[in-house]
Amino acid sequence: MLKQHRELSMSIRRTIENNEEAGIRPSKTYQSFVAATGGHRELNFIEKDVKNYITREVRNVSEQEDAKEFGKYLLRMKEKNPNFFFELQLEEDQSIKLAFWADARSRAAFEYFGDVISFDTTYNTNRALEACMPTTIHRWCIWHIMRKIPSKLNGYKGHADIEQEMSQVVWNSHNKDSFDRNWNGFLLNFGLADNKWLSDLYEDHHIWVPIYLDHHFWAGMRSTQRSESMHSFFNKYITRNSSLIQFVKQYDNCLGSREQAERESDAADFHTVIPCATKSSIEAQNICEFASESEELTAILHCAYDNVMAEIEALKAKRKGTSSLSHEEANLESVNELQSPPRIRTRGRPKKRLGSKLEK
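So in the numbering used here the end of the sequence shown lands on 680, straight run, no missing numbers.
Keep in mind that the hints were calculated from the coordinates and are not lab data.
Hints are supplied without guarantee of correctness; some may be wrong.
What follows is a list of derived Cβ distance ranges for each label pair [as the list claims (entries may be wrong)]:
(1) Phe433 x Arg333: 41 to 47 angstroms
(2) Thr456 x Asn372: 46 to 52 angstroms
(3) Lys496 x Glu579: 39 to 45 angstroms
(4) Arg467 x Ala429: 26 to 32 angstroms
(5) Glu523 x Tyr476: 16 to 22 angstroms
(6) Arg361 x Asn561: 27 to 33 angstroms
(7) His536 x Ser654: 39 to 45 angstroms
(8) Lys368 x Glu523: 39 to 45 angstroms
(9) Ala355 x Leu449: 47 to 53 angstroms
(10) Ser654 x Lys368: 38 to 44 angstroms
(11) Trp463 x His494: 20 to 26 angstroms
(12) Ala429 x Thr357: 42 to 48 angstroms
(13) Glu399 x Ser577: 22 to 28 angstroms
Okay, derived cross-link-like pairs now, DSBU-like style, lysine-lysine, Cα gap no bigger than 35 angstroms in a straight line [unchecked claim]:
(14) Lys368 x Lys569
(15) Lys398 x Lys569
(16) Lys392 x Lys368
(17) Lys569 x Lys400
(18) Lys392 x Lys417
(19) Lys392 x Lys348
(20) Lys371 x Lys417
(21) Lys388 x Lys417
(22) Lys569 x Lys371
(23) Lys371 x Lys348
(24) Lys516 x Lys392
(25) Lys468 x Lys496
(26) Lys388 x Lys398
(27) Lys398 x Lys371
(28) Lys388 x Lys569
(29) Lys371 x Lys400
(30) Lys569 x Lys348
Fair warning: this is a prediction, and the values are worked out from it, not measured in the lab.
The beta-carbon is built from N, C-alpha and C at its ideal position, and this holds for glycine as well.
All chains should be modelled from the sequences, with the hints used to inform the complete structure.
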């Protein structure tokens, strides 16, 4: 098909824009047009035209305008719901250094169910936790530690046996004293007493060995698997090329999708009768009591969603020449002064991982 014969009608453009807003990838959008018309030959445009239109018209936001649109979007969210919170930390030139926002529903959920927080981040976590959450109990991801055993100890003879024995010591020690005995025996048996990586691990055994942590509540988590499982979910909406305004919009779409799934589950639970395993009247009574408590809990959460006014204390900028812009003082004039943050190109794995001894 010649280029001069290809064009996108107004209705096609509107559909492309709506699909882009919903996080539908261009290839899927094009395939939907193909399916609707009955084949590729029935279209007077190709997939490349869809992608070009998105790049040229939909995503064509300059870096200067991107920051302003990002700030305006946060202001609109605050106007829609007073419990929406945001704060921006700015450089001297008004470029965005740090951004934090939390919608009302997430704040309410944290207020009631924030017993455990999973951080999907590697760098500076320990330092940040000491400053922001000094009273919390922090643990390392044991899955990442055990995964490093082959690379850290493969230079030793019988490294497969070493890995198996270390796993036995870590997982099957029934108390702290037995762990200490088993660990020392493990080091002596395999001649690992001088291994720096193992020595550093033992110094910090209180924040990764299960027997030292199981008396705390962790919501069943011993690794960052739950955080990492969110990657595939967010990849449906966000790409590495997403602008600031696209990111915040698609993030809200993600939250909306999760909220709708919860509503559907609640509706299914409300209209579904849990089958009893026996004919016992006691079992039937327990099920009724549980349903009553669930309704009460749902009412409490909805009330919190409407009324939560929790104060979030923002970190004060420690670097000279920085400022902040919070949801309490932001207005359209201040938002129009915002500049986009500088783009940072990553080149492989950083040389230093602050706050962690696991890479030594």
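Hints, verified against the model:
1. Phe433 x Arg333: 41 to 47 angstroms: At 43 angstroms between Cβs, range holds.
2. Thr456 x Asn372: 46 to 52 angstroms: 49 angstroms, holds
3. Lys496 x Glu579: 39 to 45 angstroms: Holds, at about 43 angstroms.
4. Arg467 x Ala429: 26 to 32 angstroms: 31 angstroms, holds
5. Glu523 x Tyr476: 16 to 22 angstroms: 20 angstroms, holds
6. Arg361 x Asn561: 27 to 33 angstroms: The hinted range 27 to 33 angstroms holds for arginine 361 and asparagine 561, with Cβ atoms some 32 angstroms apart.
7. His536 x Ser654: 39 to 45 angstroms: 43 angstroms, holds
8. Lys368 x Glu523: 39 to 45 angstroms: 57 angstroms, violated
9. Ala355 x Leu449: 47 to 53 angstroms: 50 angstroms, holds
10. Ser654 x Lys368: 38 to 44 angstroms: At roughly 41 angstroms between Cβ atoms, lysine 368 and serine 654 fall inside 38 to 44 angstroms, so the hint holds.
11. Trp463 x His494: 20 to 26 angstroms: Hint holds: Cβ distance 21 angstroms, inside 20 to 26 angstroms.
12. Ala429 x Thr357: 42 to 48 angstroms: Given about 44 angstroms between the Cβ atoms, the range holds.
13. Glu399 x Ser577: 22 to 28 angstroms: 23 angstroms, holds
14. Lys368 x Lys569: Holds, at roughly 25 angstroms.
15. Lys398 x Lys569: 14 angstroms, holds
16. Lys392 x Lys368: 32 angstroms, holds
17. Lys569 x Lys400: 15 angstroms, holds
18. Lys392 x Lys417: 17 angstroms, holds
19. Lys392 x Lys348: Holds, at about 30 angstroms.
20. Lys371 x Lys417: Status holds; Cα separation ~31 angstroms.
21. Lys388 x Lys417: 14 angstroms, holds
22. Lys569 x Lys371: Holds. Lysine 569 to lysine 371 sits at ~20 angstroms (cutoff 35 angstroms).
23. Lys371 x Lys348: Judged against 35 angstroms, a Cα distance of about 11 angstroms means the pair holds.
24. Lys516 x Lys392: Between lysine 516 and lysine 392 the Cα gap is close to 52 angstroms, so the pair fails against 35 angstroms, i.e. violated.
25. Lys468 x Lys496: Status holds; Cα separation ~23 angstroms.
26. Lys388 x Lys398: 15 angstroms, holds
27. Lys398 x Lys371: Roughly 33 angstroms separates the two Cα atoms, so the pair holds.
28. Lys388 x Lys569: At roughly 14 angstroms apart (the allowed maximum being 35 angstroms), lysine 569 and lysine 388 satisfy the hint.
29. Lys371 x Lys400: 33 angstroms, holds
30. Lys569 x Lys348: Judged against 35 angstroms, a Cα distance of about 20 angstroms means the pair holds.
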